[in-house]
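Model the full structure from these sequences, guided by the hints.
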Amino acid sequence: MESVAETRTIDLKVNGKAYSRPVPVRMMLSDFLRHELKLTGTHVGCEHGVCGACTILFDGRSARSCLMLAVQANGHEITTVEGLASGAEMHPLQTALSEHHGLQCGFCTPGMLTTLVELLNDNPSPTAEDVRIAISGNLCRCTGYEGIVAATLEAAGRMRASAGERS
Amino acid sequence: MPMLNMRFVLPDHVVDLNRVAELTGIRRAGETIEIGAMTRQRDLEFSQDIADACPLMSEALTHVGHRQTRNRGTIGGSLCHLDPAAELVCVAAALDAVVEVIGPNGRREIPFAEFPAGYMSPAIDYTEIVSRLTFPVWPRETGHAFVEFSRRHGDFAIVSAAAMLLLDGAGRITRAVLALGGVAATPLRMRDVEAALIGQVASIELIGKVAEMCRDVEAVGDVYVPASYRQHLACVMSRRALETALSRAGKSAAAAH
Ligand SMILES: Cc1cc2nc3c(=O)[nH]c(=O)nc-3n(C[C@H](O)[C@H](O)[C@H](O)COP(=O)(O)OP(=O)(O)OC[C@H]3O[C@@H](n4cnc5c(N)ncnc54)[C@H](O)[C@@H]3O)c2cc1C
Ligand code: FES
Ligand code: FES
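Chains as they are written, first to last, in my numbering: chain A, 1 to 167; chain B, 168 to 424.
A portion of the hints provided could be inaccurate.
Unchecked claim - Straight line, CA to CA, 20 Å or less: simulated SDA-like cross-link-like pairs of lysine to any residue: (1) A:K13 to A:G45; (2) B:K376 to B:A362; (3) A:K38 to A:F107; (4) B:K376 to B:E410; (5) A:K13 to B:N185; (6) A:K13 to B:R186.
Calculated from the structure, these hints are not laboratory results. Quick caveat: nothing in here was measured; it's all calculated off a predicted structure.
This is how it looks when you write it as structure tokens:
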């Protein structure tokens, strides 16, 4: 096969910021985020969809960035782990993870966070079983998952409480 | 994409069908359901039309990979990838679905029984794409079940079974379907089991007996799972699927004959 690096220019939004970049047509979205945009919070483990570390939010839906080409993101909006906090204030799920030993090495964490943020958006009151099913596609070698489940339930409670205060 | 990443396939051209709006959507036309090839697994999972008309598919979808893969994965992709253990492939076999294909010579329809040309190989030309899957709606009283055995939730099934049973007012089976995924190179319809069920009064004993007929099914073995274990699972999954389908089947006087 020839190694011609044919490129296309893509326009997309990542964490609210608009980018316009030429990309090689066979570049994976995960590599684009890490190598081109230098958003190295998105991790890559297996690069074939199994480990979940590369999970991002694509138009608000969790998706594997290693299973998409960068050109497919043209015209779409992406949220990576870097986009979850508001300024210096961490997302309630990030705070809860650090309190509950929900991470150790942190390799799986970006994928856990994006997946669980989607879950909490869809279902503000998940059960422990709902959380386990949601992260069934995210491998963690360190925590044994218990802390992640506990943190998610706690974050859900805090988010419900602050939503209640606001309304 | 995993096939590209692992260099199992080295295509000169990759065409993204995501922006072809005509290929997406779920439509009920009378007693038929039509699903566009690019309809996402997620949209099928949460579709009220599918839940009403084909709860078998809704149940199967909860086993298809994970939330993050269902958000992007499509029914056409599942069918064309044609993994013998893919849940939607097994369901399409159970439903006697029809695959519509479009190519330079126009459209043609392929009955699902003829769709797999072999292991992971759909019987379509490289100039063709799958555009739609259609299948008939079964009566509301139908009992259905999709069960599978896998090592972890979200893994491809080692063996899966899809069953549907329709009973008449006297509890006699008027229609029966049993399809097995993961056992052989392509999904299997267990026609001899179906024939042994039809016309009989449904009971747990009957199901126990006919499920045993799967013991001799031709099964593939691999480094993880010997063929004999797949044959064993074929019996167990068939029994579980048929039992659950029976427990859900409402008696329908209209179906009596
Ligand atoms: C971690 C992981 C776990 C998974 N677990 C399961 C599981 O348990 N069960 C299961 O069934 N699947 C599972 N999958 C597969 C997943 O369901 C994919 O969605 C599915 O393989 C199809 O992907 P896709 O729709 O993106 O199609 P693609 O990957 O884009 O395409 C798959 C193949 O079909 C061809 N194709 C796609 N659409 C068409 C068309 N319209 N016409 C002609 N050819 C077409 C493509 O050229 C390609 O060869 C899993 C995947 C991952 C990554
Ligand atoms: S790197 Fe994408 S799922 Fe493992
Ligand atoms: S914290 Fe190390 S892999 Fe999950």
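Hint check:
1. Proposed proximity of K13 (chain A) and G45 (chain A) is contradicted: the alpha carbons are some 24 Å apart, above 20 Å.
2. Of the supplied pair hints, the one linking K376 (chain B) and A362 (chain B) holds, its CA atoms being roughly 13 Å apart against a limit of 20 Å.
3. This hinted pair checks out: K38 (chain A) and F107 (chain A) have alpha carbons roughly 17 Å apart, not beyond 20 Å.
4. The suggested pairing of K376 (chain B) with E410 (chain B) holds, with an alpha-carbon distance near 12 Å, which does not exceed 20 Å.
5. Proposed proximity of K13 (chain A) and N185 (chain B) is supported: the alpha carbons are some 19 Å apart, at most 20 Å.
6. Under the criterion of a C-alpha separation no larger than 20 Å, the hint pairing K13 (chain A) with R186 (chain B) is consistent with the structure, at around 18 Å.
Hint check: a violation occurs at hint 1 only; the rest are consistent with the structure.
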